[in-house]
Amino acid sequence: MTKVLVVDDEPQIVRALRINLAARGYEVLTAHDGASALKVAAEDRPDVVVLDLGLPDRDGTEVIAGLRGWTSVPILVLSARTDSSDKVGALDAGADDYVTKPFGMDELLARLRAAVRRAAHPVDEGELAVVETATFTVDLAAKRVHRDGTEVHLTPTEWGVLEMLVRNRGRLVAQKQLLQEVWGPAYAKETHYLRVYLAQLRRKLEAEPSRPRHLITEPGMGYRFEP
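Numbers 1 to 227, taken from UniProt numbering, label the letters of the sequence shown in order.
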């Protein structure tokens, strides 16, 4: 049974999550502040953490940092904060995903399942060497992309962006992380670079660039590759 730790100081949200998760076969642990969250996590070792940022005793990013000091457990942030700096801060601290309140229960559960799947089945280099989508194929070892049987020419920077996203398939890659990995630390705030290069990649790879299926934007946070 998958064990979920819900950390939130709003009783109605904790109750709603407990009911919905228990109904789907999850074991639910709860904590109402940061200190108790860290204590429960250390003692009961949850498989995934759903964490609010606005806790009464400390900021949720401190809890993320505390957890990341000793565990790689998936952390799904659930917060009313919609400012991009809060989202980026949580992701940089080590969160795996971010859902804003008010939220749809179906979306939250889908994100939760995805986080648990990724943790249970980490992708190794061999498995990841060739990644196929309905539209294009990425060969990470050969550094080549094919669409409809024809090789697609990518610039080195376009390849760098695509490779980073594909290697983290299904995971949200923060804007800052992507910029630092592809362009370098001095470019951590140049988010307009990403908009330009993602648009170029979509034109080359997506069947409908204006409605991408594989190169997904998470507004204010980053990008996600979905095979």
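It should be emphasised that the hints constitute simulated quantities derived from the structure, not laboratory data.
Beta carbons: idealized from backbone N, C-alpha and C, even for Gly.
Hints are supplied without guarantee of correctness; some may be wrong.
In silico lysine to any residue, SDA-like type, Cα no more than 20 Å apart, as pairs [what the hints assert, rightly or not]: (1) K204 x K189; (2) K3 x V40; (3) K3 x P102; (4) K143 x R117; (5) K143 x E181; (6) K101 x T30; (7) K204 x A119; (8) K204 x R118; (9) K101 x T61; (10) K3 x G89; (11) K189 x V152; (12) K143 x K101; (13) K204 x K101; (14) K204 x T157; (15) K39 x N20; (16) K3 x K39; (17) K204 x T137; (18) K101 x K176; (19) K101 x T217; (20) K3 x K176; (21) K176 x R195; (22) K204 x E158; (23) K101 x R117; (24) K176 x V152.
Distance ranges between label pairs, derived from CB positions [as the list claims (entries may be wrong)]: (25) L109 x E43: 34 to 42 Å; (26) P11 x P156: 19 to 27 Å; (27) Q12 x T71: 23 to 31 Å; (28) S72 x G184: 34 to 42 Å.
These are the hints, each one checked on the structure:
1. For the hint linking K204 to K189, the alpha-carbon distance of about 26 Å lies beyond 20 Å, and the restraint is violated.
2. Distance restraint check for K3 and V40: the Cα-Cα separation of roughly 12 Å lies within the 20 Å cut-off, and the hinted pair is therefore satisfied.
3. Among the hinted pairs, K3 with P102 is inconsistent with the structure: their alpha-carbon atoms are about 24 Å apart, more than 20 Å.
4. Of the pairs offered as hints, the one joining K143 and R117 is violated, with about 27 Å between alpha carbons and a cut-off of 20 Å exceeded.
5. Note on K143 and E181: the hinted pairing holds, with a Cα-Cα distance of about 17 Å set against a maximum of 20 Å.
6. A C-alpha spacing of about 18 Å is found between K101 and T30, which places the hinted pair at or below 20 Å, so the restraint holds.
7. At most 20 Å may separate the alpha-carbon atoms for a hinted pair to count; K204 and A119 exceed this at roughly 31 Å.
8. Of the supplied pair hints, the one linking K204 and R118 is violated, its CA atoms being roughly 28 Å apart against a limit of 20 Å.
9. Using a Cα cut-off of 20 Å, the hinted pair K101 and T61 holds, with the two alpha carbons roughly 17 Å apart.
10. Among the hinted pairs, K3 with G89 is inconsistent with the structure: their alpha-carbon atoms are about 26 Å apart, more than 20 Å.
11. With a CA separation close to 29 Å, the supplied pair K189 and V152 exceeds the 20 Å bound.
12. With a CA separation close to 40 Å, the supplied pair K143 and K101 exceeds the 20 Å bound.
13. Between K204 and K101 the CA atoms are separated by roughly 35 Å; this puts the pair beyond 20 Å, and the hint is violated.
14. In summary, the hint linking K204 to T157 is supported, as the alpha carbons are separated by about 14 Å, within the 20 Å threshold.
15. Our distance criterion of 20 Å between C-alpha atoms is broken by K39 and N20, whose separation comes to about 24 Å.
16. Under the criterion of a C-alpha separation no larger than 20 Å, the hint pairing K3 with K39 is consistent with the structure, at around 15 Å.
17. The straight-line distance between the Cα atoms of K204 and T137 is roughly 12 Å, inside the 20 Å bound, and the hint therefore holds.
18. Under the criterion of a C-alpha separation no larger than 20 Å, the hint pairing K101 with K176 is inconsistent with the structure, at around 23 Å.
19. Of the pairs offered as hints, the one joining K101 and T217 holds, with about 19 Å between alpha carbons and a cut-off of 20 Å not exceeded.
20. Only pairs whose Cα atoms come within 20 Å are accepted, and K3 paired with K176 is rejected, the gap being roughly 31 Å.
21. At roughly 13 Å between alpha-carbon atoms, K176 and R195 fall within 20 Å of each other, so this suggested pair holds.
22. Note on K204 and E158: the hinted pairing holds, with a Cα-Cα distance of about 10 Å set against a maximum of 20 Å.
23. The hinted pair formed by K101 and R117 fails the criterion: a straight-line CA distance of about 23 Å is larger than 20 Å.
24. At roughly 27 Å between alpha-carbon atoms, K176 and V152 are farther apart than 20 Å, so this suggested pair is violated.
25. Between L109 and E43 the beta carbons are some 25 Å apart, a value that contradicts the proposed interval 34 to 42 Å.
26. Here the CB-CB span from P11 to P156 is close to 52 Å, at odds with the stated 19 to 27 Å.
27. At about 28 Å, the beta-carbon gap between Q12 and T71 stays in the expected band of 23 to 31 Å.
28. At roughly 26 Å, the beta carbons of S72 and G184 sit outside the given window of 34 to 42 Å.
Comparing the model with each numbered hint stated earlier shows that hints 1, 3, 4, 7, 8, 10, 11, 12, 13, 15, 18, 20, 23, 24, 25, 26, 28 do not hold.
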